[in-house]
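Peer 1: Here's the letter readout for the chains.
Protein chains: 2
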Amino acid sequence: MLLFFLFSSWNPFSGGGGESAGRRSQFPPKSLTSKKFSHSAQTSATPRHPIDPLTVGEIHRVRSILSSYEPFLGQFPAIQSMTIDEPDKSRVLGWQSGDPLPPRKAFVIGLLDNQSHLVTIDLESGRVETHEISSGSGYPMLTMEDVAAAVDAAVSYPGLEVSAAARGLSVANLSCISPSPGWFGPEEEGKRLLKVLCYSKQGTPNFYMRPLEGLVMTVDVDRREVIKFSDTGRGIPIPGGANTDYRFHPGNDPPEMNPINPISMEQPQGPSFTVTDGHLVEWANWEFHLKADQRAGFIVSRVVVRDSETGDRRSVMYKGFPSELFVPYMDVDEAWYFKSYMDAGEFGMGATAMPLVPLNDCPRNAHYMDGVFVSADGRPFIQPNMICLFERYAGDSAWRHTELTVSAGELREARAKVTLVARMASSVGNYDYTIDWEFQTDGLIKITVALSGMLMVKATVHDNMNQIENQEETGPMVSENVIGVVHDHFITFHLDMDVDGPNNTFVKVNLVKEENLEGKTPRKSYLKPVRHVAKTEEDARVKLSLYNPSEFHVVNPSRRSRLGNPSGYKVVPEANAASLLDHSDPPQLRSAFTNNQIWVTPYNRSEQWAGGLLTYQSHGDDTLDVWSHRYVTWLY
Amino acid sequence: MLLFFLFSSWNPFSGGGGESAGRRSQFPPKSLTSKKFSHSAQTSATPRHPIDPLTVGEIHRVRSILSSYEPFLGQFPAIQSMTIDEPDKSRVLGWQSGDPLPPRKAFVIGLLDNQSHLVTIDLESGRVETHEISSGSGYPMLTMEDVAAAVDAAVSYPGLEVSAAARGLSVANLSCISPSPGWFGPEEEGKRLLKVLCYSKQGTPNFYMRPLEGLVMTVDVDRREVIKFSDTGRGIPIPGGANTDYRFHPGNDPPEMNPINPISMEQPQGPSFTVTDGHLVEWANWEFHLKADQRAGFIVSRVVVRDSETGDRRSVMYKGFPSELFVPYMDVDEAWYFKSYMDAGEFGMGATAMPLVPLNDCPRNAHYMDGVFVSADGRPFIQPNMICLFERYAGDSAWRHTELTVSAGELREARAKVTLVARMASSVGNYDYTIDWEFQTDGLIKITVALSGMLMVKATVHDNMNQIENQEETGPMVSENVIGVVHDHFITFHLDMDVDGPNNTFVKVNLVKEENLEGKTPRKSYLKPVRHVAKTEEDARVKLSLYNPSEFHVVNPSRRSRLGNPSGYKVVPEANAASLLDHSDPPQLRSAFTNNQIWVTPYNRSEQWAGGLLTYQSHGDDTLDVWSHRYVTWLY
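In order, the protein sequence lines correspond to chains A and B. Here full-length UniProt numbering is used: the first residue of the first sequence is 1, the next is one more, and so on. Here full-length UniProt numbering is used: the first residue of the second sequence is 1, the next is one more, and so on.
I should point out that these hints are in silico values taken from the structure, not numbers from a laboratory. One or more hints might be untrue.
Just so you know, same-sequence chains aren't split out, so a pair can sit in one copy or run between any two.
Unchecked claim - Distance condition first, Cα-Cα at most 27 Å in a straight line; then the derived DSS-like pairs of lysine-lysine: (1) Lys446 to Lys89; (2) Lys191 to Lys520; (3) Lys228 to Lys520; (4) Lys570 to Lys89; (5) Lys105 to Lys89; (6) Lys105 to Lys520; (7) Lys508 to Lys543; (8) Lys417 to Lys508; (9) Lys543 to Lys417; (10) Lys228 to Lys417.
Required output: the full structure, derived from the provided sequences and hints.
Peer 2: Listed below in structure tokens is the structure:
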């Protein structure tokens with residue numbers, strides 16, 4: 001059973017502290033080249049598990065096979081994606097440590113002459129097994145090389161020099177970023193586009209705060225040329241960017257606060273978890289497979305918990321990962337309307353995950369894992385230290401009870417809470433998403449998404465609120481000439497739940513008010529739980545409502561406790577948000593997975609990405625919403 | 001400005017892990033006596049701040065004044081509450097360290113001849129300043145002595161021996177608890193009642209799991225007699241209680257999991273906070289007054305943050321505390337319908353807070369504070385180690401950003417997150433509430449309520465789910481013959497916000513969909529923030545809605561930033577729940593503060609307790625809902 005589970009937050013106004021708004025895009029990482037081909041003992045190892053990611057050696061092998069593949073002779077495609085083609089679930093579930101690995105296969109998405117080639121390759125035989133050219137809308141995830149090429153094209157465009165000069169700058173003073181264009185109808189079809197926006201980098205590394213407002217260049221990525229140049233903001237000053245350098249310097253003026261003494265999480269005997277063969281994590285009563293992924297960031301697979309009574313290994317989840325993000329901005333100006341990002345499918349949560357900073361991103365004793373990824377030429381590169389794994393003790397109790405009773409005397413029982421956290425952080429342009437999977441010994445798995453980084457801001461002629469009292473602005477003024485534009489962040493997780501096996505059922509337990517109790521009780525009402533077993537996908541599309549609440553259970557009716565209860569997991573949505581955009585609005589069409597907070601679909605190996613496999617400039621014809629509405633699908 | 005802010009959760013089904021349901025009541029703490037009069041250096045000190053709680057010496061003084069007060073000569077009232085009568089806010093705000101203290105006064109609630117006497121006393125002059133006899137409904141918070149007396153009366157009731165014998169037990173085998181009766185109309189008025197329920201304590205300290213189902217004794221607390229005895233459950237077996245001993249023994253069989261190595265939070269130079277004069281906490285850029293309270297548990301006052309630019313001390317909140325809890329169970333049987341607890345006003349969150357367990361409830365380097373409370377005879381007693389204060393480092397980053405840019409090279413910036421936590425844990429019978437106030441250096445204050453402890457369960461004749469398929473049960477079967485009855489926990493916080501001073505305004509920023517954009521933009525919709533300044537209390541009654549979302553700002557229009565924005569705080573409700581009971585249902589009437597998730601009322605010194613000052617058996621005539629609907633009150 002697949003469960004798509006939406007997390008979200010909206011950040012219209014950054015009140016008096018805490019999180020604030022903003023985001024977007026990626027500058028060519030020139031230093032990337034030096035990292036290619038770097039091998040580490042950890043990442044160059046032989047694969048040991050059927051779902052282990054492709055190794056450095058395997059990536060070279062795939063490239064070599066593709067190079068001699070007849071259709072690509074003389075015109076090697078740009079490799080937009082190359083991953084392990086995981087064996088069928090039944091095969092993986094049947095495999096045990098020590099068994100020979102199932103055949104290793106790669107799934108490649110290559111781009112050639114504006115066409116997306118979907119190719120599967122058997123590594124042993126060296127044969128291309130399937131080769132399909134996509135006929136639907138959308139392009140594959142961009143490569144870093146695409147981004148670099150588009151920015152290069154934009155910065156050499158003569159109009160940019162003029163626009164920069166009109167603001168007293170030269171192109172050398174600019175940092176340019178390349179957000180995706182979304183999709184807004186026929187005139188943008190048939191070519192891969194990027195929008196390029198520029199900022200003054202003078203005086204601050206936080207160039208995001210210094211936009212050349214109204215300047216937007218539409219670049220044809222493959223032709224490497226600017227096809228549309230628009231500059232409507234020459235009258236808008238570039239915000240000053242004072243005090244926006246975020247880099248830590250020991251010599252910085254101390255902030256107006258008392259110093260905080262050193263504090264750390266210490267484990268004199270070291271951590272209690274082990275990582276075997278690079279990917280298999282074991283801790284307390286948990287076991288799972290953890291790997292980096294260029295698109296999803298990281299993937300947690302084969303999650304197993306040990307039964308506290310029998311010691312049996314019991315399956316919880318086959319696979320879980322961030323499936324897609326949606327970040328629509330609420331400003332319809334020419335330089336803003338298109339900002340409706342789908343970070344996983346457009347840029348990749350792994351591709352944008354820089355190395356974690358020891359002691360600041362993750363505590364002492366953290367174990368780090370690299371990502372082994374693929375660049376556009378089909379060669380491997382290492383994303384070092386992109387995942388960390390650590391035990392957390394936050395000073396909390398896992399369970400407690402105190403009691404004064406005559407019989408038992410004073411009872412004071414408390415257990416300190418220690419958990420295991422797997423973490424990564426993607427910097428998709430200005431915004432940083434930190435994603436945690438946290439495992440508790442009581443069986444709970446908690447997913448947390450934290451936002452950090454910088455705002456994506458809009459410049460304005462105004463530098464004080466009293467000038468804009470009756471004017472329309474699309475967000476609050478956060479500094480002189482700077483508007484923090486209202487936007488949302490939605491992230492949906494793909495959770496392939498296999499609680500005690502694959503045949504799980506989704507149950508909504510609705511709380512219903514019972515009334516008309518006269519004569520039976522002094523109460524006038526109470527709430528009764530009413531179970532609804534979802535029979536079709538439609539039954540399992542959930543819009544959360546505070547005043548019509550339900551619990552959500554994923555149960556296995558074929559595995560009963562001694563009481564006859566099915567085994568199961570409860571899905572608990574915490575703080576959440578809904579997308580209020582028109583369902584026919586192009587950004588909402590493409591990210592229609594945000595139409596509900598929970599969706600349940602029958603297992604389908606091909607339905608991994610809630611925004612579609614080929615997301616870039618897609619028309620919304622391959623989303624979770626489309627799959628779910630295609631026909632009435634019975635969940636059991 | 002007062003802001004009442006609701007937290008809640010509902011626990012109908014305990015799914016596959018995590019939190020589960022249950023709760024209630026307090027057995028006479030016989031060991032209490034030994035703690036009376038115990039003095040500690042910390043708690044016997046002279047008061048140093050106008051709002052410091054009464055000291056041991058002051059409590060003795062108040063008792064002595066009351067003993068010679070003419071109306072109480074010869075008939076000393078039972079002291080249900082005795083606290084510092086805080087000076088007027090303006091007086092407290094005007095006071096500075098070193099100034100002489102304003103006159104110390106005590107507010108006493110005494111019970112005499114079934115009447116609640118509200119008395120204020122000036123400690124210096126020794127005079128009773130005001131003396132009022134309550135004419136409204138409701139009684140004061142119970143004392144431990146009330147609870148003990150009621151249970152004593154019940155266990156000596158002859159019918160109990162018969163009921164016990166019918167189940168093969170004697171009274172000596174029982175543990176009895178005394179939940180509050182709620183209020184359900186005229187026949188329960190005019191006398192203070194407790195319901196007494198009994199459990200078999202054989203074989204487990206967790207007697208809550210072994211109810212004598214259907215047995216309920218209604219006790220007149222003041223006459224100390226059982227006035228109603230009901231036993232409808234003799235045919236229902238007492239659940240076995242196997243494996244319910246929750247006490248930790250080093251010799252316990254190890255659970256089926258790998259051991260977890262020691263882990264702790266270490267501060268080689270010690271903690272960075274200071275506590276001056278017993279109550280004044282200073283840490284990083286924060287300063288606040290913290291004290292224990294017999295009813296609220298603890299109170300955070302005079303919260304001040306230092307301005308990061310100027311170093312000025314800026315007011316954030318005058319006073320914050322848990323104002324009331326509401327825990328309605330969803331079962332209308334004779335032995336269950338009344339379970340609709342109001343823990344703060346009925347039993348007291350401080351009165352039920354046992355000492356915290358070092359290293360398991362709070363980490364190493366925590367600082368502990370005692371509560372100085374008052375027993376029914378007016379004498380002081382110490383609740384030792386009932387609050388802890390510690391710095392938390394959970395392995396997270398406070399802020400991070402990484403970036404690859406040509407101009408700046410690779411930037412990897414992250415700051416470890418360290419916060420300050422003030423914690424207490426109340427064990428209101430079976431259920432434990434841990435309440436945290438967490439302060440972040442970026443200005444955020446986060447309140448967290450965690451639930452732990454044991455379920456409040458109902459016995460049933462059934463021991464397997466297959467027997468109850470078509471039968472009505474009011475919750476899931478959690479063990480043989482044990483039903484975990486559906487219930488809610490609502491907790492509302494009283495937040496007297498004084499952001500940069502007292503004249504704050506409440507602003508709802510509603511997100512509204514804008515459509516009909518044809519010709520202006522390729523987008524079909526966007527969301528526009530629309531500000532609604534609350535003019536009356538009615539404007540500020542908030543029912544949260546995912547599909548009609550707002551942000552909630554408390555701003556000070558008279559204090560503007562250099563940009564002209566008012567200073568302010570954002571109130572962020574996280575996961576929440578609504579009460580779905582009939583508004584005319586007696587439990588809902590009494591806890592009508594759960595009719596909305598947020599209420600804002602103008603400052604009124606007497607409106608502290610959202611369920612009313614005299615909550616016990618109240619009729620709902622003195623709740624936040626009543627105050628707010630009394631007349632149209634302008635907020636500014």
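Peer 1: Give a verdict on every hint.
Peer 2: Structure-based check of each hint:
{"no.": "1", "hint": "Lys446 to Lys89", "in the structure": "within (24 Å within a copy, 43 Å between copies)"}
{"no.": "2", "hint": "Lys191 to Lys520", "in the structure": "between (71 Å within a copy, 24 Å between copies)"}
{"no.": "3", "hint": "Lys228 to Lys520", "in the structure": "between (75 Å within a copy, 18 Å between copies)"}
{"no.": "4", "hint": "Lys570 to Lys89", "in the structure": "within (23 Å within a copy, 47 Å between copies)"}
{"no.": "5", "hint": "Lys105 to Lys89", "in the structure": "within (14 Å within a copy, 73 Å between copies)"}
{"no.": "6", "hint": "Lys105 to Lys520", "in the structure": "neither (67 Å within a copy, 49 Å between copies)"}
{"no.": "7", "hint": "Lys508 to Lys543", "in the structure": "both (12 Å within a copy, 23 Å between copies)"}
{"no.": "8", "hint": "Lys417 to Lys508", "in the structure": "neither (30 Å within a copy, 38 Å between copies)"}
{"no.": "9", "hint": "Lys543 to Lys417", "in the structure": "neither (33 Å within a copy, 34 Å between copies)"}
{"no.": "10", "hint": "Lys228 to Lys417", "in the structure": "neither (57 Å within a copy, 44 Å between copies)"}
Hints 6, 8, 9, 10 from the earlier list are contradicted by this structure; the remaining hints agree with it.
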